[in-house]
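Each chain is listed here by its residues.
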Amino acid sequence: MGSPKLLEVRNLRVEFPTRRGTLVAVDDVSLEIAAGEVLGVVGESGAGKSMTGAAIIGLLEPPGRIAAGEILLEGRRIDNLPYSEMRRIRGRQIGAIFQDPLTSLNPLYRVGDQLIETILTHLPMSHADARRRAVQLLADVGIPSPEERVDHYPHQFSGGMRQRVVIALALAAEPKLIIADEPTTALDVSIQAQIITLLKRLCREHGTAVMLVTHDMGVIAETADRVAVMYAGRIAEIGPVQDVIKTPHHPYTSGLMGAIPSMTHKHERLTQIDGSMPRLNAIPQGCAFNPRCPKVFDRCRVERPEPMPAGSSEVACWLVKEGAHV
Amino acid sequence: MSEGGKKTGMPMLTVSGLKRVFDVSAPWLNRVLESKPRSLVRAVDGVSFSINPGETFSLVGESGCGKSTVARLIVGLYEPSEGSVNFEGHEIGAAAERRRHRDIQARMQMIFQDPYASLNPRWRVGKIIAEPIRFGGLLKDNAAVEKRVGELLTQVGLSPADAKKYPHEFSGGQRQRVSIARALAGQPEFLVCDEPTSALDVSVQAQILNLMKDLQRNLGLTYLFISHNLAVVYHVSDKVGVMYLGRLVEWADTETLFSDPKHPYTRMLLDAIPDLDMTGRARTPVAGEVPSPLNPPPGCSFHPRCPLASERCRTEVPAAQPFAGGSVACHAVEEGRLPPWKPQAAA
Amino acid sequence: MMSRLAETWRRAADSDIWWSFTRSKLVMLSALITVVFFVAAYGAPLIAPHNPFDLASLNLADGFKPPVWVDGGEANFLLGTDDQGRDILSTIMYGSRTSLSVGFLAVIFAMVLGITLGLVAGYMGGAVDAFIMRVADVQLSFPAILIAMLVDGVTRGLLGADKHSEAAITVLVVSIGLSYWVQYARTVRGSVLVEKNKEYVQAARVIGLPGPLIAIRHVLPNVMGPVLVIATINLALAVITEATLSFLGVGLPPTQPSLGTLINTGQQYLLSGEWWITIFPGAALAILVLSVNLLGDWLRDALNPRLR
Chain Z
1 MGSPKLLEVR NLRVEFPTRR GTLVAVDDVS LEIAAGEVLG VVGESGAGKS
51 MTGAAIIGLL EPPGRIAAGE ILLEGRRIDN LPYSEMRRIR GRQIGAIFQD
101 PLTSLNPLYR VGDQLIETIL THLPMSHADA RRRAVQLLAD VGIPSPEERV
151 DHYPHQFSGG MRQRVVIALA LAAEPKLIIA DEPTTALDVS IQAQIITLLK
201 RLCREHGTAV MLVTHDMGVI AETADRVAVM YAGRIAEIGP VQDVIKTPHH
251 PYTSGLMGAI PSMTHKHERL TQIDGSMPRL NAIPQGCAFN PRCPKVFDRC
301 RVERPEPMPA GSSEVACWLV KEGAHV
Chain F
327 MSEGGKKTGM PMLTVSGLKR VFDVSAPWLN RVLESKPRSL VRAVDGVSFS
377 INPGETFSLV GESGCGKSTV ARLIVGLYEP SEGSVNFEGH EIGAAAERRR
427 HRDIQARMQM IFQDPYASLN PRWRVGKIIA EPIRFGGLLK DNAAVEKRVG
477 ELLTQVGLSP ADAKKYPHEF SGGQRQRVSI ARALAGQPEF LVCDEPTSAL
527 DVSVQAQILN LMKDLQRNLG LTYLFISHNL AVVYHVSDKV GVMYLGRLVE
577 WADTETLFSD PKHPYTRMLL DAIPDLDMTG RARTPVAGEV PSPLNPPPGC
627 SFHPRCPLAS ERCRTEVPAA QPFAGGSVAC HAVEEGRLPP WKPQAAA
Chain X
674 MMSRLAETWR RAADSDIWWS FTRSKLVMLS ALITVVFFVA AYGAPLIAPH
724 NPFDLASLNL ADGFKPPVWV DGGEANFLLG TDDQGRDILS TIMYGSRTSL
774 SVGFLAVIFA MVLGITLGLV AGYMGGAVDA FIMRVADVQL SFPAILIAML
824 VDGVTRGLLG ADKHSEAAIT VLVVSIGLSY WVQYARTVRG SVLVEKNKEY
874 VQAARVIGLP GPLIAIRHVL PNVMGPVLVI ATINLALAVI TEATLSFLGV
924 GLPPTQPSLG TLINTGQQYL LSGEWWITIF PGAALAILVL SVNLLGDWLR
974 DALNPRLR
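Chains as they are written, first to last, in the numbering used here: chain Z, 1 to 326; chain F, 327 to 673; chain X, 674 to 981.
Treat the hints with care, since some could be wrong.
[Unchecked claim] Per the computed footprint, the stretches of chain Z lying under chain F, defined by three or more beta-carbons under 8 angstroms from a beta-carbon of chain F, are:
(1) 211–221
(2) 259–269
[Said to hold, decoys possible] In silico lysine to aspartate or glutamate, EDC-like type, Cα no more than 16 angstroms apart, as pairs:
(3) X:Lys871 / F:Asp440
(4) X:Lys869 / F:Asp579
(5) F:Lys539 / Z:Glu268
Keep in mind that the hints were calculated from the coordinates and are not lab data. Note that CB positions come from ideal geometry on N, CA and C, so glycine has one too.
One chain only, chain Z, in its complex shape:
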């Protein structure tokens, strides 16, 4: 069998045809996730991080479509599968957790029924066994008195508890990969910590790989093994989380890190990156970051840098080629 990688994304390009021309939301993105690994995908709004996740799980909202590239799950292409086959893969092999737990749960059904339905769809099991498994899953995600809670409706759970139910639902059919899109953004700080800890523990126990899409560097720092930093639809930097956070190579990554207020050193001013992420219909020529980059030089304005190795990371920046260190 082909690659040891669980998920491989090669040169993915996601386009949105609109009446004013085609917008490229994800442009030439390549990444890999190994079994049991947590890959953080971080970026600001409009960076294309959620779109990458949606493309992998086959849930791009029309008119968005995969225009080029391929997505391989355990060496098998899944980006061109018919809808019915992709639906079998969703849930069974790839689970999903979204930002708002209310959109993932049907308000009209008991959470137990939703879990049982997912289990029965994907695993050969009797209804009674599925119910036992549903209760077990709720216990696993830390819901108190699961035998009782299994018969409750989503609105009877608090926000944090609902997100736990969603995690249980994502894990129900024992997928090998979970795409978690901003799973903690809607939650309070104290609940966030609970959910992150839970997600980490469960994935370790089940050997599940996670693609964690978020804008929160703090969550990435605590959770991810590797991190991909996205900017304007492309990966700016990808590498082990320690390296990317401590010794960023891309000026965008270092700007992003400097912009986060620190709890340990109080500065009078934060490092700021001027300007804002370009709109999709106005992505600059050359390196998309060049108008905001403090270290821009001529080549950046004309030629687009491809990811190139820098230490243990890969960085799409001409400075790396020049041998300069950020």
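We have chain Z; now place chains F and X onto it with these hints.
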């Protein structure tokens, strides 16, 4: 008219015993038919603090703790159920008092959270910023107003030509700059900032926070800063108050609060912050969630989640105990049961 | 000034509404038909082949002429003539003018009444809101026709038959307007409840603007989208209501015929062979109402960002 606090060294703003109760009952007919009682939410339940001129006072807490309600009570969007708001020596809590002091209202302004909802989508930016100038009668002729709008736009890092554009032509960060320009247009001394950066991306948040600091320094502004993000609060504030279920459980100057937090809830919040410098460190997960404000626990409302809760905490509401540079409302602190603070980051 | 106009034109041509308009053949056809009706109705004195109300030009010998393509038809009377020798095409044009005028005025009356009450109810809330909305509920429990007939009957009783036929248009406008204001009030109130909690309204309150000024300057322009849609669909409804009332004989007198009056006067000849006297005004009414309704439907979809 007296210049209030500035000369005498008095606080610019003092709120004492501020309370606000919201009636969230079902309509009368439903209540009668279903024989349900009225349901009241004590969104703010006896909050007192004061802010000195030129200072940044922050209120932090999780959603539903009442911090935004305090902000709205201070600027007069809500009327307090009890308690007083004193601004530069004038009582402006009740709506009637506030109407009497129109000139005082003009000296406080507010910046809102959502840059997409805080600007009228049908107005050009120039008209939006000019509104407080025109309404306050600060400038009469159009050319002068236009010039002033241009100055304000430049002051917040936009260009005077942007006055002709509509809000939808701007990014989130730029809209927040427009919001700030509008707030500054009436020449206020005191700005209430309700989560001004929580809808923004990190790099844009840094721009806005830097801008707000610059403006404070250049114009001598006083800020009340509302946020759920402790790192941001640490960065901007001189003093910080922590709210939980409508009550101010602790306040202190920033250094004290972050280096030696006293209230168990403050400690819990500090523990829960994701730490960029400690990759791989597990956050201390805190048991439990914020109870519903419809049905708050008796006694100290934090007691169901508190590791130090005693019988007294379950029955008696703790009173605020002042200490050097702050105040805390906790029985454990009062009784000396509080263990010393060992920040996780040092472990 | 010219550049301002050019700018407005450029924005309009570039807007999503215009784009969605050009995408649907049906909508463009409806718009074309509606425009043709308007031109024909309001340009009737200039372009109508005859003036059916100029008694001097009428000739009873021209009566009951069938349409031109039927045996006995004359090129002079394209759609035939009625019992008194009036050209049907011309009467339709003049009748449309009356119908559309009554429809427009009624819609404007209902709009002004409904928007004002909805704005007051939504912005003030409390007892005022409860009172206005209960009145609206009561009003909704009577069919529009019934209310219109009631108003008509009362004014007829008060003014007497002669005065009444002079004031017929006003009475119609008021009675139709009164039966349709509730929709505007409810829609506006709902939008106001959403808008008034938005931060731009709160910002205006912090600036110190008085409530009525905020309601008119800030809230009102932002709730007009749905109102426009209702107004378009209501125009069709108002035209039909007017036609119904006129058909029933409580609307406009035969001296000021509307499409409804024409259908009414023609229907007695329907079974005696002179079908064109009533069928053509009827078809005109149906086509007009259908076109305006289609435009309204399209406008509703085009203004709804969720369907875009």
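A quick look at each hint next to the structure:
1. 211–221: holds (count 6)
2. 259–269: holds (count 10)
3. X:Lys871 / F:Asp440: Roughly 9 angstroms separates the two Cα atoms, so the pair holds.
4. X:Lys869 / F:Asp579: Distance ~37 angstroms between X:Lys869 and F:Asp579 Cα, so the pair is violated.
5. F:Lys539 / Z:Glu268: Measuring from Cα to Cα gives roughly 9 angstroms; hence the hint holds.
Checked against the numbered hints given earlier, this structure breaks only hint 4.
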